[in-house]
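Asker: Listed below, chain by chain, are the residues.
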Amino acid sequence: MADMTADLSQAGQEKLTTADGKPLKAALASAQARSKRRAFFLVAPLLVFVLMTFVVPIGQMLHQSVYNPDFVYKTDVTTKETTPIMVNLRAWFDENPRSTEPDEAAYAALVADLVVLREVKAAGIAGTRINYERSGSRSLFTKSARKAGKLEAPFKEALLDVEDEWADPTVWAAMRDASSAYTLNFYLAAIDKTRGIDGSVENVDEKRALYVKLFIRTLVLSVLITFLTFVLGYPIAHMLATLPLRYSNLLMILVLLPFWTSLLVRTTSWMVLLQSQGVVNDALVGTGLLADENRIQMMYNQIGTIVAMTHILLPFMVLPLYSVMRPINPSYVRAARSLGATSWTAFRRIYFPQTIPGIGAGALLVFILAVGYYITPALVGGADGQLISNLIAFHMTKSLNWSLAAALAGLLLAGILILYWLYDLLIGIDNLKLG
Amino acid sequence: MTDTAFVEFDRVQKSYDGETLVVKDLNLTMPKGEFLTMLGPSGSGKTTCLMMLAGFETATHGEIRLDGQEINNIPPHKRGIGMVFQNYALFPHMTVNENLAFPLEVRGIDKSTRESKVARALDMVQMGAFGNRRPAQLSGGQQQRIALARALVFEPELVLMDEPLGALDKQLREQMQFEITRLAHDLGITTVYVTHDQTEALTMSDRVAVFNDGRIQQLAPPDLLYEEPENSFVAQFIGENNTLEGTIKSISGGIAEVALDDGRIIDAKPINVDKPGDRTRVSIRPERVEMDVSRLPKGAHTLDAEVKEFIYMGDIFRTRLSVAGNDDFIVKTRNAQGQTRMQPGQTIKIGWLAQDCRALDAG
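From first to last, the protein sequence lines stand for chains A and B.
Count along the first sequence from 1, add 173, and you get the number used in my numbering.
Count along the second sequence from 1, add 186, and you get the number used in my numbering.
Chain B extracted, bound-state conformation (with noise of 0.2 Å):
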């Protein structure tokens, strides 16, 4: 991996008071053409690592690697990569066609081929049409699609976009998401994407570091990242989810028995578990709860549950039940051909296979 990683962290601390750390032991490696996104909540270290990356912050212990070289102590507007901000920073004293034109100039690029390169990167984005406005004469779609340009206009081999579509409703969102995907593929661009939101990550990313207390709590392509969380962490972060807090009995042939705080006994995959008596949480995504339990394999084990609430959302239909003291344990049926629709009051039976059931750390 090591001789393919075009951005590389290497053991990065960094700490901005000196009592606490913000990065705590960062490895990171991407290949060159990856798009990869910071998720976490904020206060993460999301965001600094961004920083570092770009240059305003200073890494506190170990290195940064671009492309194979240190970069540490190499000044931002020397590093050459694209930068799209949460505000988008377009210069309000310069039209878009000289908010564009800017890191040609100072690149000393000549007026032509600076025009040219403009008119090309602005017919990328589809605003061909505006180069002549300023940026408060545009909404916070266009500002966003020109600071897209504008991040990408001097080619740079590396784009990080610090929360570029927090500003934005949410159809125009998605369409940007949709957008800004084709283009990092089209051009073959390594993308380093910070957001929040989660949707965003699963939807755009090759891979997600999923951010928690200063470190990468799971790295991942969002598929495994939502189907296989390593820790409770990231099943609570990620999608929906339902936990259920208990002990390990025994585990054997990769299927843990879990007693529940109850008494119950329940089947689940061990994940960070070691050893009988360990404190456990057990996550189960609400869409791989059976409430048929026929369907279910034999001497699966099956839990009562009592219906709260049916709500009724169009496609889906999602029933909160209280399974084994929590009152919050969600299940999502598809609004099928006979389904049936349960009743607030009603006890039902259920029940899910062991793999879907992940016991995680208690958190």
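Chain A extracted, bound-state conformation (with noise of 0.2 Å):
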């Protein structure tokens, strides 16, 4: 015993040891080395899956946003050899501050570099890149950079015999933000704004304003689309939690089975139901409840992107909304009513706040893939019925401003980060509960 409290106190003030006089800690990490290894080894394979198609092509899509470097150099598409342009410039405009007017000087540079654009065969891509920041100054340097090889001296004559476009103090604002290939203008333009001339942020013309726009619809069709599946999906999930297993099973199967299914096939099939001449419509008509010449166009509006998109998500609010409410006992209600309460106020005071980590998961769920839906709503959307995903897509597809549509998904990122964010100060997300 004596031996004991010896050792004991011992252990207190030295380091402690193994048997054979080692340090406890190091025996302690190599002993549990070889597991841990293994349990790496075990997720290594997602960990790389996630990082090549996930953080990776983030991190990418984000660089993208602020990096374009079509005005700086052209990279060889076989070769993948980068040849810088705008050399001489860019060399002006890091001489001349912002306000500098362009002297002769600065058209040499530029008519030089004009001659280096068509030799590399650049002179689309930078005009393009121009085209970004002012539209219509594409042709300016194609045209400009076939003719460029010809021109003497003065060179600001010149150039402005061939285009008198060169002279608009815009152009040259233009090329002087591209000169960079680090800019924040794409995202300016994500929303609806641009850099004047002395490089002040200034709203685009009012008829070019488009983007704002559409994030706003993009946001209240996800806060409309999300309270109606949490007003049709709670009675469902409710009665799916208080009927017997059996049956309740049987009813999950009807609301997992369109889940199931193709999403375009469910998306066409409501374009069957609700187009003009559609199954809704006929039979409206048919019943002389709607005159054929008043036929409701419910389909490529934004009514069809609503009703398409709460049916595809209702699964979504319904399974966690479901199981939350499945383990709340039915004796919460019951001892409420045994307490005096009226069935509302049970519900209301005591069956509703125990849903609420339900509602926020479902609700979250619902609204994230709701705001970045794209397939439904250019299926049924028609010209009202898009959102700013369908506008992204165009971007990268058909414009190919792959910076401004990887400066708008940044946006919609930083949106939904905002929103779990406040999700997790308000409800906290270790309430949130998914299934």
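In short, the hints are calculated from the structure, not lab data.
The C-beta atom is built at its ideal place from N, Cα and C for all residues, glycine as well.
Careful, some of the hints might be misleading.
[Said to hold, decoys possible] Derived list of chain A stretches under chain B, where covered just means 3 residues or more per stretch with a C-beta under 8 Å from a C-beta of chain B:
| hint | region |
| --- | --- |
| 1 | 504-518 |
| 2 | 523-531 |
[Claimed, not checked] Below, a sample of chain B positions facing chain A; criterion: calculated Cβ distance under 10 Å:
| hint | residue |
| --- | --- |
| 3 | F192 |
| 4 | M237 |
| 5 | P261 |
| 6 | H263 |
| 7 | G266 |
| 8 | I267 |
| 9 | M269 |
| 10 | N273 |
| 11 | H279 |
| 12 | M280 |
| 13 | F288 |
| 14 | A337 |
| 15 | F340 |
| 16 | L346 |
| 17 | G425 |
| 18 | F496 |
Take the two lone chains, each set in its own frame, and fit them into one complex as the hints suggest.
Answerer: Below, the structure is given as structure tokens:
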């Protein structure tokens, strides 16, 4: 006994060691190293997969949104060699502040660069880059580059002879902005702003303002769809949660069946139902409730987008709600009733608050999915049912302005992260119950 | 009885599926202030009765009256009955104070009255310091007290308890049994208590209703229930019991002679047997068996028994015997000075007073 106490008091003061004198911490680490290594190898494939398909692309996307080198160098498609372009002009921009009127030296630099552009066949790309900032500039570059070789001093007059648009200070402002590969101009463009001649941020022409309106529409439609799925899903989830298991399993299949059906099938089914010559309109006209010429336009507009997306996203609301409602013991409501609460009060004060984690999870899930939804609005949205994701896709595949697409996507991502943060602040992420 | 009845079940029947009756013809009257326990195995209909009284189930037939008023069609929140649930059903998203204030709040009682009543109820269950905790931060026993306080805070005249102590450990359960009965008596509340634990029923109640198969088998104070069971179900269900099967030979002068299946004759008190030739199951409590037959009155019938096992339990000895074909015949003897300790294999004679041995139905 005395020995043991001595051992214990010693242990408190000195570094603990194993029987053969190895430090205890090192021994523990080496004993656990093997299992840690094994655990790491088990998750490694997923880790690599997530890194390659998720982290890296998102990183690239975010980089692309602030980086566009098309006015700085040209990359050869086959050899991957890069050639610097607009070298002289960039040097002139570096030497002269923004307010400087382009002088003869500037034009000389521009012409020299245009000659290079023609040699390396980069006039189109560089022109497109300026075109993002100031539309109509691409042809200015291609046309001038073709003739630049023959121009002689004084270059200012010579170039203005070819294209008097060069005198426009907005061209020079745009070139100055594009002369640096890193720029925030795409983010400005994504919120309908642009840089003026003096470099200050100003609103774009009202006729060209598009993105903010679309962001707002996406937000409003997503909130509306989230609300609709909640209103429709809550009673369903409640019924599923309170029915005996054998019935609720059967009904659960009805909820899940559309979930397992192809998205395209479901979307096109709504087209069949809702289009002006579709089932619903035909039925209304057939029963005489609607005159043939007054067929309701329910497809290829916002109504189509809302109806189809609500239907498609409904399971994402029902499932988290169900998983939260199922374990709620019916004795809570009974207790409330026996304590004197009407059934409405019992629901409002006792049952509903306990389902909030499910509502939060469902709403967050549906909202995030709705904000980024693409296929359904593309198919059934028509002109006014398009969402921001459709525009991102447009810039990715049609206009090829990847930087702007990336900036729009970056804003969307930031918005969702802010929402997630707010959710964590208000409800707490650990309360999130998905299933 | 009907004039003083506070709670009254009048020919109540209940069926869930329209094919079987869960409660068959229930008649029960309770005076004000009584502590009545519904005791029975699971599925015997006791919880259903409680739920009908609380208003969560409707009676298929019959009337339930509370203080003379029929309450069959009154919704639960208007009955003013306090209820303690098996799992306590404390609202998890509210603090203890909010839980207790809830019944007062829905009754529109103003804030200051509410606060004083909540504080008083918490003090009553010695939980005054826990008002700001959430139910999840309390132990099972503490939750139990809060559930009790919540059921009492709005001063109901009738409180229902559905196996409220089922989740507690033995020591805590015994303590809470005492506290619940004390509170119920101090406050003069009428209590209906449901349990399947017979010890709980015997120690707490004024009267116990033993349920089986949808009927009340016997309704009596605990001592009568234990000592004078009216049928073999009650005899079996309450306490430990030895049974022997046989046929009535004769009944005279309040004593029945029973011929056991191996031909031997014993004396018993006829309870629910009426004529010679009836099959019967005689029942005798282990502590009423006499192993020293010289102490029995003259002419008492005795039986041969073989000792199978002797178990030393400290305060008592438990001897397992083989008697007339029953190998599980238990005798309990007090660990008194000079008490003999039996050896397995030993053959002894046993007997009992005729009034301790009850000839009941064959079950």
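Asker: Hints first: check each against the structure and report whether it holds.
Answerer: Hint by hint, here is what the structure shows:
| no. | hint | in the structure |
| --- | --- | --- |
| 1 | 504-518 | holds (count 13) |
| 2 | 523-531 | holds (count 3) |
| 3 | F192 | violated, 18 Å |
| 4 | M237 | holds, 9 Å |
| 5 | P261 | holds, 8 Å |
| 6 | H263 | holds, 5 Å |
| 7 | G266 | holds, 7 Å |
| 8 | I267 | holds, 6 Å |
| 9 | M269 | holds, 4 Å |
| 10 | N273 | holds, 6 Å |
| 11 | H279 | holds, 5 Å |
| 12 | M280 | holds, 8 Å |
| 13 | F288 | holds, 6 Å |
| 14 | A337 | holds, 8 Å |
| 15 | F340 | holds, 7 Å |
| 16 | L346 | holds, 8 Å |
| 17 | G425 | violated, 32 Å |
| 18 | F496 | violated, 41 Å |
In this structure, the hints that do not hold are numbers 3, 17 and 18, in rising order.
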